[in-house]
Amino acid sequence: MSGKISSELFLAFLRPVVAGLFIVFLIGFSQHLWAQDRTELERNKRRIEQEIALLNQLLKETQTTAEMNLSQLVILNNRIGSRQNLVANINNEIGFIDRRIAETTREKEQLERELKELRESYARMIYYAQRNRNSYQRMMFLFASRDFNQAYLRLRYLQQLTRHRQVQAEKIVETSARLEENIIELEVRRAEQQLLLEEQRDEMRLLTQEREAQSKNVETLKQKERQLMQQLKEQEQAARQLQQAIERVIAEERRKAEEAARAAGRPAAEAFRLSPEEQLISTNFAENKGKLPWPMERGVITGSFGEQPHPVLPGIKIVNNGIDISTTRGTRARAIFEGTVARVFSIAGGYAVIIRHGEYLTVYSNLSEVFVSNGQRVEVRQDIGVVATDTREAKTYVNLQVWHGNNKQNPADWISRHR
Numbered sequence: 001m002s003g004k005i006s007s008e009l010f011l012a013f014l015r016p017v018v019a020g021l022f023i024v025f026l027i028g029f030s031q032h033l034w035a036q037d038r039t040e041l042e043r044n045k046r047r048i049e050q051e052i053a054l055l056n057q058l059l060k061e062t063q064t065t066a067e068m069n070l071s072q073l074v075i076l077n078n079r080i081g082s083r084q085n086l087v088a089n090i091n092n093e094i095g096f097i098d099r100r101i102a103e104t105t106r107e108k109e110q111l112e113r114e115l116k117e118l119r120e121s122y123a124r125m126i127y128y129a130q131r132n133r134n135s136y137q138r139m140m141f142l143f144a145s146r147d148f149n150q151a152y153l154r155l156r157y158l159q160q161l162t163r164h165r166q167v168q169a170e171k172i173v174e175t176s177a178r179l180e181e182n183i184i185e186l187e188v189r190r191a192e193q194q195l196l197l198e199e200q201r202d203e204m205r206l207l208t209q210e211r212e213a214q215s216k217n218v219e220t221l222k223q224k225e226r227q228l229m230q231q232l233k234e235q236e237q238a239a240r241q242l243q244q245a246i247e248r249v250i251a252e253e254r255r256k257a258e259e260a261a262r263a264a265g266r267p268a269a270e271a272f273r274l275s276p277e278e279q280l281i282s283t284n285f286a287e288n289k290g291k292l293p294w295p296m297e298r299g300v301i302t303g304s305f306g307e308q309p310h311p312v313l314p315g316i317k318i319v320n321n322g323i324d325i326s327t328t329r330g331t332r333a334r335a336i337f338e339g340t341v342a343r344v345f346s347i348a349g350g351y352a353v354i355i356r357h358g359e360y361l362t363v364y365s366n367l368s369e370v371f372v373s374n375g376q377r378v379e380v381r382q383d384i385g386v387v388a389t390d391t392r393e394a395k396t397y398v399n400l401q402v403w404h405g406n407n408k409q410n411p412a413d414w415i416s417r418h419r
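Taking our numbering, the leading residue of the sequence shown gets 1, the next gets one more, and so forth.
Read the hints as simulated data drawn from the structure, not as lab findings.
Among the hints, erroneous ones may be present.
As the list claims (entries may be wrong) - In silico EDC-like links for lysine to aspartate or glutamate, alpha-carbon gap of 20 Å or less:
| # | residue 1 | residue 2 |
| --- | --- | --- |
| 1 | Lys233 | Asp324 |
| 2 | Lys45 | Glu198 |
| 3 | Lys408 | Glu252 |
| 4 | Lys222 | Glu393 |
| 5 | Lys256 | Glu359 |
| 6 | Lys45 | Glu203 |
| 7 | Lys45 | Glu199 |
| 8 | Lys222 | Glu210 |
| 9 | Lys60 | Glu49 |
| 10 | Lys317 | Glu234 |
| 11 | Lys171 | Glu112 |
| 12 | Lys233 | Glu393 |
| 13 | Lys224 | Glu236 |
| 14 | Lys224 | Glu393 |
| 15 | Lys408 | Glu253 |
| 16 | Lys317 | Glu219 |
| 17 | Lys45 | Asp202 |
| 18 | Lys291 | Glu40 |
| 19 | Lys291 | Glu359 |
| 20 | Lys256 | Glu278 |
| 21 | Lys45 | Asp98 |
| 22 | Lys289 | Asp324 |
| 23 | Lys116 | Glu180 |
| 24 | Lys108 | Glu180 |
| 25 | Lys108 | Glu187 |
| 26 | Lys224 | Glu234 |
| 27 | Lys317 | Glu236 |
| 28 | Lys108 | Glu192 |
| 29 | Lys289 | Glu379 |
| 30 | Lys60 | Glu393 |
| 31 | Lys108 | Glu170 |
| 32 | Lys171 | Glu109 |
| 33 | Lys45 | Glu192 |
| 34 | Lys171 | Glu117 |
| 35 | Lys222 | Glu234 |
| 36 | Lys289 | Asp413 |
| 37 | Lys108 | Glu185 |
| 38 | Lys291 | Glu338 |
| 39 | Lys171 | Glu181 |
Given only the sequences and the hints, what does the whole structure look like? Please build it.
As structure tokens, then:
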């Protein structure tokens, strides 16, 4: 009989303990995953907020006159895009907190069930312990054994019962504490949720205001169609000059390589073979795709790669061989990777720098001043010049291009998402 009671008590003790350990594991695992996801969302939110702050600063710099210009509209469009990303990020945060509240509520209900089971199990132990509550009854329980082995087992049972009772009491205290923590966490999450909902409303209000301003600015600029067409023509001419300069550099290096191969008596096929150092730089450049630093400390992409619709003129396309990165006045441009300066030249009232990285070229145009010269070796993040400010629109930007041989690449795919 005592063996049966001992077995029942042990199982009664074991079931809630195992269940409790399993719940602790699940809670810990879900909290770890949730913390990772939340950290990524918060990091992304900070990045977008910094981007909006920079766009606000750039917008102020371009508002040198009361007259609306194209640069202001481009920056405003970018700010609307960033604001939309921020609202989407806040919505994701709210969704995560909603799911966390649901998970925490389920955990709370499970802990309440576990606590109830622990208390019932503890009550049964107390009941059995009451039957052997004094020394005389304990001694009689032992002396009533059939033999020494049974007496030993009964003694072990009484010791286990005492220990199980202590452990069960500790488990009740621990589960109660976890339940209390769970309730506090629920309150914190609900408060966070409320703050995010308020933030969401504020951002949506700002977004509505910015869209209204955007519509008005587009209508204002449409009245300047002739001026905008002239501006576009000048930009296209500057872009053609830059592309021709890049193609000349590529052609000249090809010619020099062929002449060197002929002088050395090597086959023409070996003319374009890179030196071991050049090959290493080229390989390292390729391996760092998506991780290269930005060409300035602070900036935001305001002109995308490839063919884009004109922000004002219907049916007109803008072609960009690189990306435009807007920044603040006086900012210095820097090399995005180590290499050798292939060419420094003046273009459209400013300067451009071409740097070779083995098989790759990076091009930095719209510089007001340069610090490097042809053939100079440069290191990653080394300053190469000062970004120019457009006197007409007060826009400060650098046009960054990446070439692989004769093929234009999208620089946004090469630089890091996080500055």
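Cross-check of the supplied hints:
For the hint linking lysine 233 to aspartate 324, the alpha-carbon distance of about 17 Å falls within 20 Å, and the restraint holds. For the given pair, lysine 45 sits about 16 Å from glutamate 198 by alpha-carbon distance, which is consistent with the 20 Å threshold. A C-alpha spacing of about 18 Å is found between lysine 408 and glutamate 252, which places the hinted pair at or below 20 Å, so the restraint holds. Simply put, lysine 222 and glutamate 393 have alpha-carbon atoms about 17 Å apart, close enough for the 20 Å limit, and the pair holds.
Note on lysine 256 and glutamate 359: the hinted pairing holds, with a Cα-Cα distance of about 15 Å set against a maximum of 20 Å. In summary, the hint linking lysine 45 to glutamate 203 is supported, as the alpha carbons are separated by about 13 Å, within the 20 Å threshold. For the suggested pair lysine 45 and glutamate 199, the alpha carbons sit about 12 Å apart, so the restraint of at most 20 Å is met. In summary, the hint linking lysine 222 to glutamate 210 is supported, as the alpha carbons are separated by about 18 Å, within the 20 Å threshold.
Taking the CA atoms of lysine 60 and glutamate 49, the gap is about 17 Å. The hint holds against a cut of 20 Å. Between lysine 317 and glutamate 234 the alpha-carbon distance is near 14 Å, which keeps this suggested pair within the 20 Å criterion. Note on lysine 171 and glutamate 112: the hinted pairing holds, with a Cα-Cα distance of about 13 Å set against a maximum of 20 Å. As the CA atoms of lysine 233 and glutamate 393 are separated by approximately 16 Å, the hinted pair is consistent with the 20 Å bound.
Using a Cα cut-off of 20 Å, the hinted pair lysine 224 and glutamate 236 holds, with the two alpha carbons roughly 18 Å apart. Our distance criterion of 20 Å between C-alpha atoms is met by lysine 224 and glutamate 393, whose separation comes to about 14 Å. Proposed proximity of lysine 408 and glutamate 253 is supported: the alpha carbons are some 17 Å apart, at most 20 Å. Taking the CA atoms of lysine 317 and glutamate 219, the gap is near 19 Å; set against the 20 Å cutoff, the hint holds.
Only pairs whose Cα atoms come within 20 Å are accepted, and lysine 45 paired with aspartate 202 is accepted, the gap being roughly 15 Å. A C-alpha spacing of about 18 Å is found between lysine 291 and glutamate 40, which places the hinted pair at or below 20 Å, so the restraint holds. A threshold of 20 Å between alpha carbons decides the hint, and for lysine 291 with glutamate 359 the separation of about 18 Å falls inside it, so the pair holds. Using a Cα cut-off of 20 Å, the hinted pair lysine 256 and glutamate 278 holds, with the two alpha carbons roughly 16 Å apart.
Distance restraint check for lysine 45 and aspartate 98: the Cα-Cα separation of roughly 18 Å lies within the 20 Å cut-off, and the hinted pair is therefore satisfied. Our distance criterion of 20 Å between C-alpha atoms is met by lysine 289 and aspartate 324, whose separation comes to about 19 Å. With a C-alpha separation of about 15 Å, the suggested pair lysine 116 and glutamate 180 falls inside the 20 Å cut-off, and the hint holds. For the hint linking lysine 108 to glutamate 180, the alpha-carbon distance of about 9 Å falls within 20 Å, and the restraint holds.
Of the supplied pair hints, the one linking lysine 108 and glutamate 187 holds, its CA atoms being roughly 12 Å apart against a limit of 20 Å. Of the pairs offered as hints, the one joining lysine 224 and glutamate 234 holds, with about 16 Å between alpha carbons and a cut-off of 20 Å not exceeded. As the CA atoms of lysine 317 and glutamate 236 are separated by approximately 11 Å, the hinted pair is consistent with the 20 Å bound. Taking the CA atoms of lysine 108 and glutamate 192, the gap is about 19 Å. The hint holds against a cut of 20 Å.
For the given pair, lysine 289 sits about 17 Å from glutamate 379 by alpha-carbon distance, which is consistent with the 20 Å threshold. For a cut-off of 20 Å, the pair hint linking lysine 60 to glutamate 393 stands: about 12 Å separates their Cα positions. Proposed proximity of lysine 108 and glutamate 170 is supported: the alpha carbons are some 19 Å apart, at most 20 Å. Using a Cα cut-off of 20 Å, the hinted pair lysine 171 and glutamate 109 holds, with the two alpha carbons roughly 17 Å apart.
Only pairs whose Cα atoms come within 20 Å are accepted, and lysine 45 paired with glutamate 192 is accepted, the gap being roughly 15 Å. A threshold of 20 Å between alpha carbons decides the hint, and for lysine 171 with glutamate 117 the separation of about 11 Å falls inside it, so the pair holds. At most 20 Å may separate the alpha-carbon atoms for a hinted pair to count; lysine 222 and glutamate 234 meet this at roughly 18 Å. In summary, the hint linking lysine 289 to aspartate 413 is supported, as the alpha carbons are separated by about 7 Å, within the 20 Å threshold.
Between lysine 108 and glutamate 185, the direct Cα distance comes to roughly 10 Å. Compliance with the 20 Å bound is thereby established for this hinted pair. Taking the CA atoms of lysine 291 and glutamate 338, the gap is about 14 Å. The hint holds against a cut of 20 Å. In summary, the hint linking lysine 171 to glutamate 181 is supported, as the alpha carbons are separated by about 15 Å, within the 20 Å threshold.
Consistency note: the structure conflicts with none of the earlier hints.
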